[in-house]
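**Student:** Residue numbers (the numbering used here), protein chains in the order written: chain A, 53 to 404; chain B, 53 to 404; chain C, 53 to 404; chain D, 53 to 404.
Just so you know, the hints here were simulated from the structure itself, not pulled from any lab data. Here the structure is a predicted model, which means the values were calculated and not measured. Don't take every hint at face value.
Which copy is meant is left open, so a pair is good if it fits within one copy or across any two.
Claimed, not checked - Straight-line distance between alpha carbons at most 20 Å, and here's what the computed SDA-like set of lysine to any residue pairs gives:
(1) Lys160 to Glu264
(2) Lys282 to Asp310
(3) Lys282 to Leu300
(4) Lys282 to Ile303
(5) Lys282 to Pro338
(6) Lys282 to Ala339
(7) Lys255 to Ala192
(8) Lys282 to Pro302
(9) Lys282 to Pro69
(10) Lys282 to Tyr178
(11) Lys193 to Gly237
(12) Lys282 to Asp299
(13) Lys160 to Pro127
(14) Lys255 to Val216
(15) Lys282 to Thr164
(16) Lys160 to Glu404
(17) Lys282 to Arg304
Number of protein chains: 4
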Amino acid sequence: MTRRYGVAVIGAGYWGPNLARNFRAHPAWDLVAVCDRDESRALAVVGERSTVDVETSVEAVLARADVDAVAIATPAATHASIALAALDAGKHVLVEKPLAPGSADASKMVRTASDAGLTLMIDHTYCYTPAVQYIHDVIAKGMLGRILYIESTRINLGLIQPDVDVLWDLAPHDLSVLDYILPGGLAPTRVSATESDPLGSGKSCVSHLTVEIGDGASAHISVNWLSPTKIRQMVIGGSHRTLVWDDLDPIRRVSLHDRGVTMGQPSQDDRRRAAVSYRLGDITVPALAETEALRLMVGEFAAAIREDRPARTDGAAGLRVLSVLEAASHSAAHHGEAVRPRHVDSETGDME
Amino acid sequence: MTRRYGVAVIGAGYWGPNLARNFRAHPAWDLVAVCDRDESRALAVVGERSTVDVETSVEAVLARADVDAVAIATPAATHASIALAALDAGKHVLVEKPLAPGSADASKMVRTASDAGLTLMIDHTYCYTPAVQYIHDVIAKGMLGRILYIESTRINLGLIQPDVDVLWDLAPHDLSVLDYILPGGLAPTRVSATESDPLGSGKSCVSHLTVEIGDGASAHISVNWLSPTKIRQMVIGGSHRTLVWDDLDPIRRVSLHDRGVTMGQPSQDDRRRAAVSYRLGDITVPALAETEALRLMVGEFAAAIREDRPARTDGAAGLRVLSVLEAASHSAAHHGEAVRPRHVDSETGDME
Amino acid sequence: MTRRYGVAVIGAGYWGPNLARNFRAHPAWDLVAVCDRDESRALAVVGERSTVDVETSVEAVLARADVDAVAIATPAATHASIALAALDAGKHVLVEKPLAPGSADASKMVRTASDAGLTLMIDHTYCYTPAVQYIHDVIAKGMLGRILYIESTRINLGLIQPDVDVLWDLAPHDLSVLDYILPGGLAPTRVSATESDPLGSGKSCVSHLTVEIGDGASAHISVNWLSPTKIRQMVIGGSHRTLVWDDLDPIRRVSLHDRGVTMGQPSQDDRRRAAVSYRLGDITVPALAETEALRLMVGEFAAAIREDRPARTDGAAGLRVLSVLEAASHSAAHHGEAVRPRHVDSETGDME
Amino acid sequence: MTRRYGVAVIGAGYWGPNLARNFRAHPAWDLVAVCDRDESRALAVVGERSTVDVETSVEAVLARADVDAVAIATPAATHASIALAALDAGKHVLVEKPLAPGSADASKMVRTASDAGLTLMIDHTYCYTPAVQYIHDVIAKGMLGRILYIESTRINLGLIQPDVDVLWDLAPHDLSVLDYILPGGLAPTRVSATESDPLGSGKSCVSHLTVEIGDGASAHISVNWLSPTKIRQMVIGGSHRTLVWDDLDPIRRVSLHDRGVTMGQPSQDDRRRAAVSYRLGDITVPALAETEALRLMVGEFAAAIREDRPARTDGAAGLRVLSVLEAASHSAAHHGEAVRPRHVDSETGDME
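Isolated chain A, as found in the complex:
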């Protein structure tokens, strides 16, 4: 039997407890410690009648011999310094998104991990959901044909936060999914974004982002913090089929519409039929597993370490998302002016 890896979760705030719960339950991992400056928060995560250790210093965690890997769920501003220290200490590293507050730090993280031969992985959780896995496979098999457009909507009642705007809070989810499902990953030629701050809060709460993904196709992302009702929907239109992912519909999370788009002069009759029909073409709604994404994610972390290969969502994926976000912010500041994101070298983390 393969040996289990010892892991410590650093940061016991919002996301840390979820990571701890999944490491604890996964056969590939042995959760040895939870670390937070606030001991009571770490204690609450560990729970009673437990022998998992509580630590209050990162240094202490990194000094432990029984820690093979750390999962960093601290505020974004601290990601880079903790991750670099962990890599220096020879630990594999999982980082909650974003990889770092800016691409310069993130690039350095990717290079450091690469040089050290350690695994650097980003927790792009959505990429481990059964729905996104299915979408990835459907595209990889060519079932959608050529991708013509993607429309993604992610709105909810967000909380206006001191450190990020809606673009940096929500769009990483959509971009990380695009990076995973698009053949070749996320490498857009142009990005154009707008944003608005109707509350005068100092942070934009509504934003729209167009990403040119090549071949005349574009992906559009709409994010919004001001809606009391959630929408989590992505439509992927292909030349053969169209896929609709409605993440809030547990019964029909993914629908595959057996109808792509063809050209040609429509008849009057076609027009009439299109007008009265709610849709055209059969729909297939696949049965998806109800696996928890975080469980698969921590499993992938262990597998990437064991097999000494890049994780499905490696540091370079996190860096590509950052590169697009930075371009989008630049565009929005210039009222939609098109901006070319910097290209990421997945090996070295270099940007050009």
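Following the hints, put chains B, C and D in place on chain A, whose structure we already have.
**Tutor:** Relative to the frame of chain A, chains B, C and D by itself:
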């Protein structure tokens, strides 16, 4: 009892039959003739065992003394010449959207009708649906509070048409609704649009349009011809309440979310609750009548004539929509550059 | 070209106008007259600028040489006498459901039409919807496998009526569908029904009906007049696949679940998966036409006459439904005691 | 601060792990042991790096001084003997449903607990969901008016089990909810049930149950193991309002229809409107908390012990459900013959 008005429908193609059916069934109207160059099409609309006349020349229709009004459902390129001839002949005029292919012609139509003291009305059908009427009233009563954002999505499998792109085909519906429900009508300060033609058809099939509607608020319109599934959804976010209009959900066409947006520092607990909840705040789903919009529209046409007042969707409304469309096309041609639409004088039809 | 048949609609109340509209628009038919004792109601159906005749006496209608067929949409109590007179006058007959208030009259109608070689058809409208047509075909092709159970729910805010209870008002719709889709038609071995009148109105408003359809399978029908929200749902479970018909969901009216039922000892793991999954197996949602059922129904009436064959919903079908309803009423009066419906001879209309 | 109670979970099969997880996380409880004959199952529940004890004998658990209460999640056949032993040992007892395989044992359990002054509680989990809590409160406040009917549907792909049929497997959920929400609890005057076994498995897989709940009102329960799609829906019709609970719709789990039922002669116009409308009256969809029911349930267990009062779902509630199930089985064996359930004395557990 008030006398009925004689009306002739000009154009027996796609939309004309619907107009004819509604004029025929409405107590304020007497459908006296249907006109089309292709006599067989007009005959098909009139049907058998009918004494409604069939005409093949517009001149013959305009010469009839029993015709008080005409409804024009011919191709857009002919709207202006037929409408101006009808106004010259002293007839009231209803025009299928768009009012004219360009704002110059449309402006002339508005001025001519105004000078002649005749009713010029545009068939913005959606404005006569029970849902849009309800939305208008809810906003007018202040129930939403200050409007912060509007998100409108209108996608379906459209037919690529020789004369219009997706923006000119679909966005007029959204813009006409905005013109009706926004206090003060549609008078945006800036417009920004992008478009793409992933099929290489020569006409853009996917387009996104941001319209600044004042006070930091914006309306975003997403139109798409390439989707096998229809979406017809508008979210209107206000400071007090949020309204969701899903036109394809007959059971919950309009939902009023009893939750607006307030500022303030969210607690960790708020964040957790927002993350796990599908929504916050109670929803009210009003019972709406199932009245046919076209029936209300032809009734409004008669009422506007009788009461000698502008129709709810008068010529100036059609002109305002054209002004925004022209600005949007200009912006899209310049890759999203912001453009200020020309202002419309509702009285005279003048633009500046 | 085949000649058109002359038809008169008798009864201009609730349903008559719908029939008149469809006969008028159908190329196989020539609507020559609308008849009602109340001339103003008939006039309203005929409309203005029309040369369709208005009649106020059934005798006058039946005496007309240009009337090949009549459609009877009068109160149920008058169906038999009008239909028998029409058959005597050599007219083909379409009857709104129920065929007659009781099976004795209905049986006589079937026999009379059979003897006279005339078409007697019942307007079981649902059998002409694209959804039911699809269900029929799917079952006929064996795609569901052996039918194990049927659950039908039909509830809405009904109006308590002086002449019928909820069972006789609503269940005929479900029974007519069963008669059409079940191979071999509706010929149950046992029927058991209960009913309640919680308002004390003198008519039951809630009723449940179990119909044994052979081979251990049963169909259960739930009808209810007291619900402000409509439900129109039928689940048909087969050994290979399961079909769900939700008539109020225009987007997913029919779903075919790629999962039947197999026996065998479930594992603990199966149990867990069943517990957490919303469903098992892929779903296919076929694209259905949006044809109006009544148009297909009047077309079938003409075709049955022309081809001298029983209509899809002939008099015998109406009689089979009556036979089950009578048995159900008897059972409900005896608090659910099982009752065997009388068997219908489709040729002669005899019952035994 | 109040002291925490020590609890042991007995049975580490299907449900036990859920109980253990919730006891572990609840501040009122200290999970001291998990007991199963199969040590490895108990170990898996306890998990690693834990000091919760594993026991393999019930006697050992009951002998522990640090165990104030036990939660029994063993097969139904063993509930009574374990519960009685636990009560004899002075432990408070929570039992997974059903309370016992038959009412005789269950009655003895209620009496024993009552005599000993110990808490006997049944895990009717649904009664602790926010939806059922809301329904209970709405009814208690009189917002629905007089209850006229209840329709409950609970179907899914069940697993045919060796020891229970579909009625005993699924209907307890509906009956436990009825017992909680009906003022006065579940005390029906008559029960009528039918069942079928279309697979010939020896256990009925489809069953329908009518429960007369007084005042002419009835509740109908439809349970089915053969459906690949889940339905969990309850409609509660009152004289003032109607409530719809759709447990699988996370966005609109409960809808309150602002429309009850009134009598009176409907007009033709009413009939027309009812026919075309999907529904009548406004709907309110309340925001419900997303609390886990089991967490509330274990909290109620602690509160009932501390406050020395009957739990919301006490032993008598479990016994009332058993009484109705036994009557229903008797009725189904006699093809729907009405049966009067035995009345339960909540104090003593006596049945008459």
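**Student:** Next step is simple, just say for each hint if it's right about the structure.
**Tutor:** A quick look at each hint next to the structure:
Neither within a single protomer nor between protomers do Lys160 and Glu264 lie at most 20 Å apart by alpha-carbon distance, with minima of 27 Å and 40 Å respectively. In the homo-oligomer, the alpha carbons of Lys282 and Asp310 lie at most 20 Å apart only across protomers (14 Å), although the nearest pairing inside one protomer, at 27 Å, exceeds that limit. For the identical chains of this complex, Lys282 and Leu300 are neighbours both inside a copy (8 Å) and across copies (17 Å), given an alpha-carbon limit of 20 Å. For the homomeric pair Lys282 and Ile303, the shortest alpha-carbon distances inside one copy (17 Å) and between copies (9 Å) are both at most 20 Å.
Only between protomers do Lys282 and Pro338 lie at most 20 Å apart by alpha-carbon distance; the minimum there is 15 Å, versus 23 Å within a single protomer. Only between protomers do Lys282 and Ala339 lie at most 20 Å apart by alpha-carbon distance; the minimum there is 13 Å, versus 23 Å within a single protomer. With identical chains, the CA atoms of Lys255 and Ala192 are never at most 20 Å apart, being 38 Å at best within one copy and 29 Å at best between copies. Taking the shortest alpha-carbon separations for Lys282 and Pro302, both the intra-copy value of 14 Å and the inter-copy value of 11 Å come in at or below 20 Å.
In this assembly of identical chains, the alpha carbons of Lys282 and Pro69 never lie at most 20 Å apart, being 24 Å within a copy and 32 Å across copies at closest. Taking the shortest Cα distances, Lys282 and Tyr178 sit within 20 Å of each other inside one copy (16 Å), while across copies they are farther apart (26 Å). Proximity of Lys193 to Gly237 under the C-alpha cut-off of 20 Å is restricted to the intra-copy arrangement: shortest distance 16 Å within a copy versus 45 Å between copies. In the homo-oligomer, the alpha carbons of Lys282 and Asp299 lie at most 20 Å apart both inside one protomer (10 Å) and across protomers (18 Å), since each shortest distance falls under that limit.
In this homomeric assembly, Lys160 and Pro127 come within 20 Å of each other (Cα to Cα) only inside a single copy, at 18 Å, whereas the closest approach across copies is 58 Å. When the C-alpha separation of Lys255 and Val216 is checked against a cutoff of 20 Å, the pair qualifies only within one copy, where the shortest distance is 7 Å, while the shortest distance between copies is 38 Å. Taking the closest pair of Cα atoms, Lys282 and Thr164 never come within 20 Å of each other, the shortest separation being 39 Å inside a single copy and 48 Å across copies. For a Cα distance limit of 20 Å, the shortest separation of Lys160 from Glu404 inside one copy, 14 Å, qualifies, whereas the shortest one across copies, 54 Å, does not.
Taking CA atoms no more than 20 Å apart as the test, Lys282 paired with Arg304 passes in both settings, with 16 Å inside one copy and 12 Å between copies.
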